[in-house]
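Please build the complex by placing chain B on the supplied structure of chain A, with the hints as guidance.
So you can see what is in the structure, the chains are spelled out below.
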Amino acid sequence: MSADPDLIARAIASLGPVLPEQPAPSGAPSWRWPAWLLGALPPLAALALIEAAVRLGWIAPHLLPAPSEVALALARMVRDGQLAQHVLASSLRVAAGFALGAALAVLFGALVGLSATAAAVLTPSFQALRAIPSLAWVPLLLLWLGIDEASKVALIAIGAFFPVYMGVASGFRDVDRKLVEVARLRGLGRVALARRVLLPAALPALLTGLRNGLSLAWMFMVAAELIAASRGLGYLLTDGRETGRADLVLAAIVLLALLGKLSDGGMAALERRALHWRDSFGGAA
Amino acid sequence: MSLLTVTVREKRFAREAVHAIQGQAGERPPVLQDVRFELVPGEVLGVVGASGCGKSTLLRIVAGLDPDFDGEVRLDGRARRGPDRDIGVVFQEPRLFPWLTVAENVGFDLGQGHDEAWVATLLREVGLGDLGHALPRQLSGGQAQRAAIARALYTRPRVLLLDEPFSALDAFTRMRLQDLVRDVARAHGTSLLLVTHDIEEAVLLGDRVLVLGSAPGRIVREIGVALRHPRGRGSAEVSALRSRVLSALESVG
Chain A
16 MSADPDLIAR AIASLGPVLP EQPAPSGAPS WRWPAWLLGA LPPLAALALI EAAVRLGWIA
76 PHLLPAPSEV ALALARMVRD GQLAQHVLAS SLRVAAGFAL GAALAVLFGA LVGLSATAAA
136 VLTPSFQALR AIPSLAWVPL LLLWLGIDEA SKVALIAIGA FFPVYMGVAS GFRDVDRKLV
196 EVARLRGLGR VALARRVLLP AALPALLTGL RNGLSLAWMF MVAAELIAAS RGLGYLLTDG
256 RETGRADLVL AAIVLLALLG KLSDGGMAAL ERRALHWRDS FGGAA
Chain B
-14 MSLLTVTVRE KRFAREAVHA IQGQAGERPP VLQDVRFELV PGEVLGVVGA SGCGKSTLLR
46 IVAGLDPDFD GEVRLDGRAR RGPDRDIGVV FQEPRLFPWL TVAENVGFDL GQGHDEAWVA
106 TLLREVGLGD LGHALPRQLS GGQAQRAAIA RALYTRPRVL LLDEPFSALD AFTRMRLQDL
166 VRDVARAHGT SLLLVTHDIE EAVLLGDRVL VLGSAPGRIV REIGVALRHP RGRGSAEVSA
226 LRSRVLSALE SVG
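Top line first, the protein sequences correspond to chains A and B. So the mapping is simple: our numbering equals the position in the first sequence, first residue as 1, plus 15. Numbering follows our numbering, with no gaps: position 57 of the second sequence is 42.
Looking at chain A on its own, in the form it has when it is part of the complex (with noise of 0.2 Å):
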């Protein structure tokens, strides 16, 4: 039992800030910590004392079942394979309605971004939209695309719809009216343009965009399979909750943690291949 505390601590400290590394300032001692050990003090530490007080006696263990015990049942439904079960209909629900978001935001963000006629036209529109709380669309969606997988889909395609549109638009608004000079004098036409300087350069903001409705998408999963599901990890901290199984939510809760920051990491490393050749603060090669 006691590899598991370990197993989570690991699992945890994975998830904490990772900080900028700086080089030791001379005269100072040559070996320092590492940063990743410092990022992971404080939640091995309070894993540590909650373990210790839930062994003391000091706290319920209905209420905060200890970190050993959550690290237990994360190991059953590995071994039954309830894990991979729950986390596929997660991410599958997260990848199609972020898809399905993303792409029709990226859509209509390069149509605001590069014509002033279609942004006079939407503009209005998504201002509107975007000021209700996506939530809110729950009963509609319900009432419309029944309670299975479309109306899950829709939800998360309606969170990550907009972080993607505004990143998208503005990109395209903002690239520098200087470098399309330099196209223009080269007779490139709108399309070549579009494609071979607004594309690029509006990249860094699309690509923020993406990743923020990323991080969406996987709030708005969680949300939707709250509402309604029999699968997922929603589904797992409702079951939790209706069973008494506070080992279960936590352990819901990390997996959670840990599939956000995998996809976010994932895109991040996109970002910095995509953008290599950006000249900023930590981006320098």
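Everything labelled a hint here was simulated from the structure, so no lab data went into it. Think of the CB as a built atom: it goes at the ideal place given N, C-alpha and C, for glycine as much as any other residue. One or more hints might be untrue.
[To be verified] In silico EDC-like links for lysine to aspartate or glutamate, alpha-carbon gap of 20 Å or less: (1) A:Lys193 / B:Glu89; (2) A:Lys193 / A:Asp294; (3) A:Lys193 / B:Asp94; (4) A:Lys193 / B:Glu57; (5) A:Lys193 / B:Asp69; (6) A:Lys193 / B:Asp53; (7) A:Lys193 / B:Glu(-5).
[What the hints assert, rightly or not] Computed from the model, here is a short list of chain A residues facing chain B with C-beta under 7 Å: (8) Trp46; (9) Asp189; (10) Lys193; (11) Glu196; (12) Val197; (13) Arg199; (14) Leu200; (15) Arg201; (16) Pro215.
[As the list claims (entries may be wrong)] Incomplete in silico selection of chain B near chain A, CB under 8 Å: (17) Arg70; (18) Asp71; (19) Leu116; (20) Leu124; (21) Gly126; (22) Val210.
Quick look at chain B alone, frame taken from chain A:
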């Protein structure tokens, strides 16, 4: 025979632009009025004037980036509106695409790919022979402006327009690039239209110098520079001409 004939009877900015700058309605004072000049093949024409006299606007008109003016730009006798591949432009800033390598920037053109041998030749000429694969962020200010000069020459233009191209560079780099521009222009037989606020630069490079007055921008004096190249910086002749241009500028206020 004249290569480039520029006639700007009048240039006013649209109401909105004036609105935004001055915050008042109705008035649209002309930026340029009755500016006419010619450029013969191989000639270097300097244009000097106080800041805000419309020299950059004039250059944008010649480049075809501002078609909204009363007048015409003739190249080889043909009236032109809009950009032309026979007219290259070097801006005050390098304006390199940050996502393309130096070579890709120089060869940026219609269609895919570029003439690699020609790009390599140009890069060698401007002294960037081994930086073709570098990204713009890895270049110094002077190197970036060298790349911009190479890019402007890529379409083999017959006229090169330069809009205060060295004003953001340090004195030493500026001197090196002034010599470079003169050399490559001579090597390619390219005419230069050099807009600058640096009087010495105009006198050092130009065969003629036009002095622009402001509000509205108009030609107040044309001064011929009948000096052999290379012209010594700080030589007596250059200093004398520099004083003449300066007093012409001062006389218009």
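Hint by hint, here is what the structure shows:
Our distance criterion of 20 Å between C-alpha atoms is met by Lys193 of chain A and Glu89 of chain B, whose separation comes to about 18 Å. With a C-alpha separation of about 18 Å, the suggested pairing of Lys193 of chain A with Asp294 of chain A holds against the 20 Å cut-off. The suggested pairing of Lys193 of chain A with Asp94 of chain B holds, with an alpha-carbon distance near 16 Å, which does not exceed 20 Å. Our distance criterion of 20 Å between C-alpha atoms is broken by Lys193 of chain A and Glu57 of chain B, whose separation comes to about 24 Å.
At most 20 Å may separate the alpha-carbon atoms for a hinted pair to count; Lys193 of chain A and Asp69 of chain B meet this at roughly 17 Å. Between Lys193 of chain A and Asp53 of chain B the alpha-carbon distance is near 18 Å, which keeps this suggested pair within the 20 Å criterion. Simply put, Lys193 of chain A and Glu(-5) of chain B have alpha-carbon atoms about 25 Å apart, too far for the 20 Å limit, and the pair is violated. Hint on Trp46 of chain A is violated. Least Cβ distance to chain B is approximately 33 Å, over the 7 Å limit.
For Asp189 of chain A, the interface hint is violated, since its Cβ never comes within 7 Å of a Cβ in chain B; the closest pair sits about 14 Å apart. Interface restraint check: Lys193 of chain A against chain B, minimum CB-CB distance 5 Å, threshold 7 Å, status holds. Hint status for Glu196 of chain A relative to chain B: holds, with the closest Cβ pair at about 6 Å, below 7 Å. Interface restraint check for Val197 of chain A: the shortest CB-CB distance to chain B comes to about 5 Å, inside 7 Å, so the restraint holds.
A cut of 7 Å between beta carbons decides the hint on Arg199 of chain A: the least distance to chain B is about 6 Å, and the hint holds. Nearest Cβ of chain B to the Cβ of Leu200 of chain A: about 5 Å, under the 7 Å cut. The hint holds. At its closest, the beta carbon of Arg201 of chain A sits 5 Å from a beta carbon of chain B; the interface hint therefore holds under the 7 Å criterion. Among the interface hints, the one on Pro215 of chain A holds; its C-beta lies about 5 Å from the nearest C-beta in chain B, closer than the 7 Å criterion.
Hint status for Arg70 of chain B relative to chain A: holds, with the closest Cβ pair at about 7 Å, below 8 Å. Restraint check, Asp71 of chain B versus chain A: the minimum CB separation of about 11 Å is more than 8 Å; hint violated. At its closest, the beta carbon of Leu116 of chain B sits 15 Å from a beta carbon of chain A; the interface hint therefore is violated under the 8 Å criterion. About 10 Å separates the beta-carbon of Leu124 of chain B from the nearest beta-carbon of chain A, more than 8 Å, and the hint is not met.
The interface hint given for Gly126 of chain B is broken, as the beta carbon of that residue sits about 13 Å from the closest beta carbon of chain A, more than 8 Å. Against a cut-off of 8 Å between C-beta atoms, the interface hint on Val210 of chain B is violated, since the closest Cβ of chain A lies about 29 Å away.
When held up to the earlier numbered hints, the structure conflicts with 4, 7, 8, 9, 18, 19, 20, 21, 22 and fits the remainder.
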